[in-house]
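Asks: Sequence:
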Amino acid sequence: MQYSDIVCPFCGCLCDDIEITIKDGHVEDVKNACAISRSKFLNHHQNRITAPSINGKEDTLDNSVKRAVEILAKARRPLIYGLSSTECGAIGKAVEIAECTGGVLDNTSSVCHGPTILALQQVGESKTTLGEVMNRSDLVIFWGSN
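Letter by letter, the sequence shown follows residues 1 to 146 of our numbering.
Warning: the hint list may mix true and false statements.
Derived DSS-like pairs: lysine-lysine, alpha-carbon spacing no greater than 27 angstroms straight-line [unchecked claim]:
#	residue 1	residue 2
1	40	23
2	93	66
3	93	57
4	74	57
5	93	74
Read the hints as simulated data drawn from the structure, not as lab findings.
Taking the hints into account, I'd like the entire structure generated from these sequences.
Replies: Structure, rendered in structure tokens:
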């Protein structure tokens, strides 16, 4: 099955002319994408955990949830970390769990973008909106985007 006019979610450019071919539930081909987008679409699913597990061994969802509850109940200050590819509803549930357990919530952007944020606090930034770019530019160069 082929899909066209897909918006690429992997950076802020939001390219909207991506074409994707799906076969047997997996992305088989990607057209009109930069190297980063193509790689993400083709490989993002690899090593994805598709079934619940305990200590690396596949188990039922009920057993996995019970074990998670046991671990959280014993924790004094749990850290809920990751969430970089998590949709908003699931992040909301993570916030609820952190609030109920007295835990801390963090995501990968603190490691990835933390130094950038510290620099912005010290020296500031110059910025614009995509609307300003569209209305005021006669040439936009995307450097290193293939």
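Asks: Next, verify each hint and record whether it holds.
Replies: Going through the hints against the structure:
1. 40 <-> 23: With a Cα-Cα distance of about 17 angstroms, the restraint between residue 40 and residue 23 holds, given a limit of 27 angstroms.
2. 93 <-> 66: 17 angstroms, holds
3. 93 <-> 57: Status holds; Cα separation ~25 angstroms.
4. 74 <-> 57: 22 angstroms, holds
5. 93 <-> 74: 19 angstroms, holds
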